[in-house]
Amino acid sequence: MSNYTTVITDVLVVGAGLSGERAAIEAASQGLDVIILSLVPPRRSHSTAAQGGCQASLGNCAMGKGDSTDVHFSDTVKGSDWGCDQEVARIFVETVPKAIRQMAMWGVPWNRVVAGKKVLPDGREIEDTKDKEGLITARDFGGTAKWRTCYTSDGAGHTMQYAVDSIVIKMGITVHDRTEAISIIHDGETCLGVVARCLKTGELRIYLAKSTIIATGGYGRLYGASTNAIINEGAGMSIALDTGLVPLGNMEAVQFHPTGMVPVWILITEGARGDGGYLLDKNMHRFMPDYEPKKKELASRDVVSRRMIQHIRKGLGVDSPYGPHLWLDIRHLGAKHININLREIANICKNFNGIDPVDSLIPVRPTQHYSMGGVRTNKDGYAYGLKGLFSVGESSCWDLHGFNRLGGNSLAETIVSGWVVGKKVAEYTLGAELNYQYSLVQDFAKKQQERIAGLISGKQGKENVFAIRKEMEQTLMDYVGIFRNGPDLQTAVDRLRELHQRAGRIGLKTNGKWASPELTAALRLPGMVRLALCISYGALTRTESRGSHAREDYPKRDDANWLKRTLAYWKEGSDLPQLQYEPVKITELPPGDRGYGESSASSAEGKK
Amino acid sequence: MSIQRKFSIFRYNPNTPDVKPFMQEYVIEEPQSMTIFTALNKIREEQDPSLMFDFVCRAAICGSCAMVINGKPRLACKTLTTDFSGTITLMPLPVFKLVGDLSVDTGAWFRHLSLKTKAWVHTDKEFDPNAAEERMDNETALLIYEAERCIECGCCIAGCVTANIREDFLGAAGINRVARFMVDPRDERSGNEYFEVIGSDEGAFGCMGLMACDDNCPMQLPLQLQLSFVRRKMLAFGLSK
Ligand SMILES: Cc1cc2nc3c(=O)[nH]c(=O)nc-3n(C[C@H](O)[C@H](O)[C@H](O)COP(=O)(O)OP(=O)(O)OC[C@H]3O[C@@H](n4cnc5c(N)ncnc54)[C@H](O)[C@@H]3O)c2cc1C
Ligand code: SF4
Ligand code: SF4
Ligand code: FES
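Heads up: the protein sequence lines correspond to chains V and A, in order. Position one of the first sequence corresponds to residue 1 (our numbering), numbered consecutively onward. Position one of the second sequence corresponds to residue 1 (our numbering), numbered consecutively onward.
Treat the hints with care, since some could be wrong.
Okay, derived cross-link-like pairs now, BS3-like style, lysine-lysine, Cα gap no bigger than 25 angstroms in a straight line [stated by the list, open to error]: (1) A:Lys97 with V:Lys470; (2) V:Lys509 with A:Lys42; (3) V:Lys379 with V:Lys459; (4) V:Lys423 with V:Lys379; (5) A:Lys97 with V:Lys200; (6) A:Lys78 with V:Lys336.
Think of the hints as simulated: they come from the structure by calculation, not from any bench.
Model the full structure from these sequences, guided by the hints.
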């Protein structure tokens, strides 16, 4: 009964997306023994779904001329609405050009510069010069001063993940896929590994390691409408939170992407607007220039999403059975461009909506897309609160993105943080020892076993896991969306507290044996509700607007009181997180005007 | 207007071999349009939470959800129920190891494929972080991407006669994978090295050319072309040896 399969390694990476695999490679190349755990085979991770591209200031294409790490830095800080850690942003912008070239070496077929004159959809004429021909090119993305987003047609995430995974395979790094980490093992000071459940057999296993890296991606699926893969349920963040020692940073910072396709909420990449697509209302009027004369459709995502909702609220949305939406128009880009450079979009429109964007408009509405918050780490990737625990990629709050991530900066972050933090992990691990008491380790596994037994026997109650889940999703959709206000957020917090209680009384309908999908869902749900509470409570408490966090009752950014990062802790037995704050480090660029968006106009006054 | 839709679904859990495989029927309300993804989740949430199946991206880009739908391997997430009249029959993909019900282990199979075909860029060059990237013609980049678009869903394998009888046959996905590296100038492998990987019955010569694979690929990869490209290369190389 108490004999759990126990696997011991130097470095345990929880998550096989781009960031986890990149970190694993770095650790393994220093001779360390590495095991990667993943819910799914690595190449099915959510990273493969990223279509648009990856930012790096190579400055090769015509519209990228004059780009530099400094320009990338300032775009990133402005995009974050000064919420990001500037030391991290600096490390990031300096490393990313190298990381991109390394990806080229590992096999990513980045699109290349083709010399010659071109006319952009808006009539501007540009020329790519001969001296740059064959170097990595870039496309336009929102919130950037230069064309900086490197791409492979519309499969950037796919080709990057396949390239990185090919190196993982070449190096013979062990991957245990269909394995879910369900609890972090620690002695109060040091992380010792995880308890994991096999999603083929249901077996509980113990993984012990000198260092553990959380690389589990985002939590998009807490929301009922999200562009994220259905496995993005924030599992890694919630097991970190459950230690009671590790805080989650800025959980209230949730990104909504302007163009989720109605009604399936599959993403239409920003590349569509970057390549010249625009937004229309029910009168076929292109409304974005009215709000954002300079950046138009290509202001940062938080701004475009808010402008869209603002416009819909004026009654200018298109009615549909799924609520009002707007149109994305790419017809003028032409069949050739659409079917080559934006082929995945064309396929998605055809398969899931029965429309061809070459001659039809695409129905879109802002949709939950990215988790800026996550496991709070320092600039070396060390998680706060436990030695030997690290985090990279979307699951982390390394804090490159502050309150709004720029499109293309996330893929870039995965390979940069994987590389930089992977190195730090290796350094740490080479000097670390694995010291543990097996009885303590076993207690962690036993605790999970008891949870499972309780769910199967139904001794806590008979609540239905899927019903509670739907209510949680709906609560976030209705009260913690793009525009927020005190009363709504209070409603969300109250409802979620109640749902959290009910989540403690789930009982299974089936016998929960083997890899029961009902048990899988039931084990995850309470942690998901806790994350939802961190988001809502953090949002309720932050009485300002910053980046994606837009309070109708506090419409301005408030640097005097809120230039700080939220840290959410969860004490066992509690039904609310404890919030603490830390200052945001400003090393280079003091808070100022973003140059787009609503609140910056007012904050700019304060700056002068 | 919604209709009642009947599903007939394969049930079997390899952990409990005493319970023999059987087909189970479920009836659900069908709204105007619904994918098999939506339908299966509805069945799991409302009727039978023990039903096993795999979805990740639900957008036809991750390759997780292939199954045999009314006799043909397809991605369930992009298959609309309205494409069929009457009962929809769902079976797991053959060839791959069954995890349970409709869930199969394509991950292990494809990792094996990558190992067998040594599917990574083979080069002696060292990465220099301070050097600019090597130049490449954009046409070449597009050509590589064309083959790289395979999402390892397994549809071509499941529908392939040879793969169904020869356990070691790499199928169209394997041959396409080799083609991807053959057109990549960064890969320094010689014809000889490729021949070792694929110039046998497990590879390019096991194929009987019936082309079920080409028809089944949800990414519309030109598998037929890739097969003949690799065969031509291998033949030319085999003859010149
Ligand atoms: C539709 C879409 C398009 C996007 N396009 C772009 C783009 O064009 N450019 C850009 O920069 N960004 C884009 N993004 C964002 C970007 O793709 C992601 O932020 C990034 O890929 C996340 O990588 P990751 O390695 O952190 O996590 P993921 O790739 O999500 O990987 C998470 C891994 O963790 C594993 N895992 C999770 N929980 C557990 C657990 N409990 N136990 C074990 N394993 C676990 C999973 O199996 C998976 O392997 C896009 C996002 C979406 C939703
Ligand atoms: S053409 Fe060859 S690879 Fe394709 S299905 Fe037929 S035998 Fe299999
Ligand atoms: S070649 Fe096509 S059918 Fe075969 S695995 Fe790849 S994507 Fe699927
Ligand atoms: S779920 Fe990803 S391809 Fe169907």
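Hints broken by the structure, by number, lowest first? Hint check: 1 and 3 fail, others pass.
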